[in-house]
Amino acid sequence: MNRTAAPAEPSKKAPEGTLSGWGRIPLPGSERFGEDLEGLSASADLCRGLGRSYGDSSLPARPTDRVVNTVLADRLLSFDPASGRVRAEAGFSVRELYRVFLKQGWFTPVTPGTSFVTLGGMVASDVHGKNHHSAGTIGRHITALRVRVADGRVIDCSPQQEPELFWGTIGGMGLTGHVLEVELQLEAVPSPWILQESERIPNIDTFLERLEATAHDWPMTVGWIDCVTQGPSLGRGLLMCGRWARPEEAPKAFPRQLPRLKLPFVLPDFVLGPLSVRAFNTAFYWKHIPQKKRGIVHPETYFYPLDAILDWNKAYGKRGFTQYQAVLPKDNARRSARAFLELLTREGGASFLCVIKDCGPEGSGLLSFPRPGVSVALDIKMTDRTQHLIDALNAFVIAEGGRIYLTKDQLTRPEDLRRMEPRLDRFTALRRKWDPQLRIRSAQSVRLLGDPPLPETTP
Amino acid sequence: MILAILGATRGMGRALARQAAERGDTLVLLGRDLDELERSAADLRIRSGGRAEVRLVRADLDDIGTLAPSVEAAFAAVGRIDAVVVTAGLFGTQDALEADPAFAARLLTVNLSHTVVFCEAARQRLLAQGGGTLCVFSSVAGDRGRKPVGIYGASKAGLSHYLESLDHKYRAAGLVTICVKPGFVKTGMTAGLKPPPFAGEPDGVAKSVLRAIDRGQPVLYTPAMWALVMAVIRRLPRFVMRKVGF
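Chains as they are written, first to last, in my numbering: chain E, 859 to 1317; chain D, 8 to 253.
Any given hint could be a false lead.
Unchecked claim - List of simulated lysine to aspartate or glutamate pairs, EDC-like, C-alpha gap at most 20 Å:
no.: 1; chain 1: E; residue 1: Lys-1172; chain 2: E; residue 2: Asp-1242
no.: 2; chain 1: E; residue 1: Lys-1120; chain 2: D; residue 2: Asp-210
no.: 3; chain 1: D; residue 1: Lys-193; chain 2: E; residue 2: Asp-1169
no.: 4; chain 1: E; residue 1: Lys-961; chain 2: D; residue 2: Glu-29
no.: 5; chain 1: D; residue 1: Lys-193; chain 2: E; residue 2: Glu-874
no.: 6; chain 1: D; residue 1: Lys-193; chain 2: E; residue 2: Asp-894
no.: 7; chain 1: D; residue 1: Lys-201; chain 2: E; residue 2: Glu-874
no.: 8; chain 1: E; residue 1: Lys-1120; chain 2: D; residue 2: Glu-208
In short, the hints are calculated from the structure, not lab data. Keep in mind it's a predicted model, so treat the numbers as computed, not measured.
Given the sequences, and given the hints that come with them, work out the whole structure.
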C-alpha cells in the first residue's frame, strides 16, 4: 500500500504554548484537535489546518482565543465518479486527494505549491497554482461550502445560494466563518504523469515575453528567478512549462511515492547566508545545460518539489522567515517587474528562491489575490532589516497599483494594505453582516484589518 | 478479508478502516451514531475507489443491551467475519477521573465490563463459524500502575488480562486473540495532551495492526518502540515509580 510516510501533520515545531505559521515566527496560543469539527467549531474563534500560511493568518489574535485545528476532520463525504465532483470535510488535504484520486484519474484542478494544505485552507486563501492563467484560482472550481458563521448557524452556500457569503469566504482568510465542508469539481487527467518543457531564460524581459508566449500552448507555467545576479542578466532563470502527459507519452506504471527527508534540527543562520544563496542560484541556473529540455516528470516533483523535505522551513534558522508575494498589474508588467527586481537587489533581499508567474483574470472571491499581471514570490529570512525591506517593497507595489498575498504576509502595515486594497471595506462590511462583533478573527486580521478589541473571554 | 470494527469513525479505528478499505476488504462498521457511521462509510467507499463493501450496525458501548445483538447483526449482514476489531473506548486524564466518580465508573464500565461483554459475544460467534480473529485495543497504560493513568490504566489492565486468557484458552479452537497496546498516539482522543517522545500516528498504528491480524500476533506494542519503553517501565522498582511522573 502506498501510504504517506508522514500524514497530514500541522506545523508542530512551534515551542510549547505557542502556535506558528510556516515562517516559524510563534505567537502564544494553543489549538484543539478533533474529528468533530461541526461540534468544535461552535465555540471557535478561528480555525486552522496544516499551518502552511507563512505569517500570522492562522494564528490567534489573543493567547486565550479558541483555535480549532481541522486536520482530523478529513472524511470524504461524496464523490460522483461520472462528473468528478467531490465533497469532503474541511481538513481533507491535497496530500490525501493526490493519493486517493490520482490513481482514479482525477486531480484537483488547482493546487498550490505544497500538498500539505487542507481544503479549508485552500478556500480561505483562494489558492492559485502554475495554471492560474488557464484555470484561475481554486474558487472557480468550488461548487459549494458549508460554513459555521459567528452566531452559530451552519450555512450552506454556493454561487447560487448565499453567494455573498460564498464569495466572501473564498479568499476570506477564514474570517467570514469556519469552513466545515467543501465541494470541489475535480479535473479528469489523461495520465498521472506530467510532460514538462524547461527553458533557460537570460533575463527578466525575456522571461515576461516567454511567460506570455508559452501561456497559449501550456496550461501550466512557472518561472524560477535568480534574484542575486544583477546587470544585464538581472532576472535570469528557468521557465518550466507543463501539462498532463497523454497516456501514450506516459510511463505505464503509476508514479511511486517519493522518499521524504526530515531536517533533524534548525539549521544555523549561515547556511542560507548570502554566499550560499548566490552559489545555489548560479548552480541551479547552469545545471540546466541545454537551453531547452523536455521530458516526463513525476507529478510530486513537478507540483511539490519542496514537499520532499518535510520541514524545509527549518532551513531559515532560529528567527524564522517570511515570504513576500505581490502581483504587479499587466499594463506595466515588464517595466515594473524589472524595477521590482532592481529594488530587491538594491535592498539586499537576496532570496533563496524567487518564483515568477503570470496571472490570468481576477477570481470572484471578494479578497482573492491574483489579478492579471505578473506575480513575484520570494522567501525572506527574518533579520533586523526585514521590516524595512517589506516596507520598501510595499511602497513600490502600491505605486505600481499591485497588491500582496495575505497568506504569505507577516509584516505589512495596515495603512499600506489599505492603499493597495480598495476591496477591504466591502469585505469588512460582509464580515460585520455575519459577525457584528468580528468575533472570528486572527492575529493577522487584528494587525492588518484593524479589528477592534473584544472584551476578554474566559478560555 | 471481512472485518467488523467497533470504533471505526474516529482515531486509530478510522485509520485502520481506511487501510482495510483501500486494500479492498469488506467492512462492517459498528458505532453508536448512525449518521456518523454513514459519513465514515461514504469516506471508505470513495477511498477504495468504490470497491469496498461497507455495512453499518448500531452498537453503543455505553448501553450493554445493544452489544450482543449488534454482534448478531454484524454476522448476519455479511455471513462470515474474519476479524472483529474493537478500537472504541473512553479516555480521561487522571485528574478528570479523580474529580468525577461518575465519569470514572462510566469509563471502567465501558472500557472493561462492556468491552468484555461485546468480546464474549464476538468470541462465541467466531468460534461457532470455526474460528477467526478478535483484535482489541488495550493500552500500554494497562502494563503497570502509573501516576498519570491510574484509573484508565486499571480498565486497560483488566482488558489485557482478559484478552490474554482468551488467547490461552481458545487459540487451539481457532480463535486468534490480539491485544493491541498502543503507546501515545496522536488522535482526537489524546488531543490537548502533550505528546511524549515516540508518540505515534494513527496511520502507522493501523498498518502494524493489519500486519498483526494477518500474522496472528497475540500482543502488539505500537509504535514498536513502546515495547522497549514498557519493558523498562515494568522493571522499575517501586521507589523509582513513586518518584517519577510517568
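Hints, one by one, checked against the model:
Between Lys-1172(E) and Asp-1242(E) the CA atoms are separated by roughly 19 Å; this keeps the pair inside 20 Å, and the hint holds. A C-alpha spacing of about 18 Å is found between Lys-1120(E) and Asp-210(D), which places the hinted pair at or below 20 Å, so the restraint holds. Proposed proximity of Lys-193(D) and Asp-1169(E) is supported: the alpha carbons are some 19 Å apart, at most 20 Å. For the proposed pair Lys-961(E) and Glu-29(D), the alpha carbon gap of about 12 Å is at most 20 Å, so the pair holds.
Restraint check: the Cα-Cα separation between Lys-193(D) and Glu-874(E) comes to about 16 Å, which is no more than 20 Å; the hinted pair holds. The hinted pair formed by Lys-193(D) and Asp-894(E) meets the criterion: a straight-line CA distance of about 15 Å does not exceed 20 Å. As the CA atoms of Lys-201(D) and Glu-874(E) are separated by approximately 9 Å, the hinted pair is consistent with the 20 Å bound. For the suggested pair Lys-1120(E) and Glu-208(D), the alpha carbons sit about 16 Å apart, so the restraint of at most 20 Å is met.
In this structure, every one of the numbered hints holds.
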